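Modelling step: build the complete structure from the supplied sequences, incorporating the hints.
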Amino acid sequence: MLKLEERPIDESSMVDLTTAQFGNLSIEKANIISFEQGILGFEELKQFVVVDVEECLPFEWLVSVEDPAIAFPMLNPTLYFSDYKPSLNKEDLASLNIRKEKDAEVFCIVTLGKKPEDVTLNLKGPVFVNMKTKKGKQLVLKEDIYSLRHPLIRT
Amino acid sequence: MLILTRKLGESITIGDEIKVTLLDSHGKQVKLGIVAPADVRVHREEIYEKIQEENQKAAAVSKNDLAEIAFRWKKTATKSDCKEPACSSNIL
Numbered sequence: 030m031l032k033l034e035e036r037p038i039d040e041s042s043m044v045d046l047t048t049a050q051f052g053n054l055s056i057e058k059a060n061i062i063s064f065e066q067g068i069l070g071f072e073e074l075k076q077f078v079v080v081d082v083e084e085c086l087p088f089e090w091l092v093s094v095e096d097p098a099i100a101f102p103m104l105n106p107t108l109y110f111s112d113y114k115p116s117l118n119k120e121d122l123a124s125l126n127i128r129k130e131k132d133a134e135v136f137c138i139v140t141l142g143k144k145p146e147d148v149t150l151n152l153k154g155p156v157f158v159n160m161k162t163k164k165g166k167q168l169v170l171k172e173d174i175y176s177l178r179h180p181l182i183r184t
Numbered sequence: 086m087l088i089l090t091r092k093l094g095e096s097i098t099i100g101d102e103i104k105v106t107l108l109d110s111h112g113k114q115v116k117l118g119i120v121a122p123a124d125v126r127v128h129r130e131e132i133y134e135k136i137q138e139e140n141q142k143a144a145a146v147s148k149n150d151l152a153e154i155a156f157r158w159k160k161t162a163t164k165s166d167c168k169e170p171a172c173s174s175n176i177l
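Just so you know, the protein sequences line up as chains A and B, in that order. Position one of the first sequence corresponds to residue 30 (my numbering), numbered consecutively onward. Position one of the second sequence corresponds to residue 86 (my numbering), numbered consecutively onward.
Derived by calculation from the structure, the hints in this document are not laboratory data. These numbers were taken from a predicted model, which means no experiment stands behind them. Careful, some of the hints might be misleading.
What the hints assert, rightly or not - Chain A is faced by these chain B residues, among others (derived, beta-carbon under 8 Å):
1) Leu108
2) Ser110
3) Gly112
4) Arg129
5) Glu139
6) Lys142
7) Ala144
8) Ser147
9) Lys148
10) Asp150
11) Ile154
12) Ala155
Beta carbons: idealized from backbone N, C-alpha and C, even for Gly.
Have a look at this one:
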């Protein structure tokens with residue numbers, strides 16, 4: 030998450046991203062999250078940053094540092110689905126450097142349909158981020174109860 | 086690609102811990118039994134493809150469209166006299 034801090038900012042610790050959608054972003058290197066395996070379908074992109082845009086909140090954006098034209102809208106599903114409790118296997122916990130699921134933040138990628146009410150969340154392939162070590166991974170859950178295209182707005 | 090021919094009931098092993106057995110076959114469908122350690126993810130390939138497709142679609146979402154959804158959502162939440170969007174009756 031991009032946060033303004035009061036301490037003087039060393040310019041060498043910053044990276045400037047030029048994006049069509051978000052203008053020029055100046056991000057702190059310390060906020061860059063590394064996705065060793067990339068995002069499914071975008072495996073070549075390994076570095077991302079979470080960007081909050083006021084008018085899009087509560088949705089957030091996962092913006093590629095390497096190719097700032099690529100950005101994924103995301104939502105923290107636990108705020109809206111209190112029973113969303115995906116279970117991670119040992120390998121995933123280890124790759125995120127966490128011991129329990131709650132040690133990482135979880136985001137679900139959002140897609141929009143033709144109509145505004147066709148907003149869906151991908152609960153099956155959540156993005157987990159260890160905010161302390163800045164390691165992230167998109168997982169594919171075993172649980173069949175979670176949908177790839179879960180409607181966010183009930184019609 | 087390594088190609089192996091197997092009869093019903095026969096298996097292949099991958100490493101020391103993974104075994105794939107051909108259990109049944111019906112026309113163009115085969116049923117496979119897979120033994121693997123709990124920490125190895127086994128999925129039908131389609132699920133990966135579907136997630137890739139969802140990610141491609143998500144990457145095409147524009148900021149303005151998402152902002153509009155967020156705006157409508159917040160408006161609905163305000164109407165229902167609740168600060169949390171999730172509290173509104175027609176959402177979630």
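_For each hint given before, does the structure comply? Return the numbers of the non-compliant ones in rising order._
1, 2, 3 and 4
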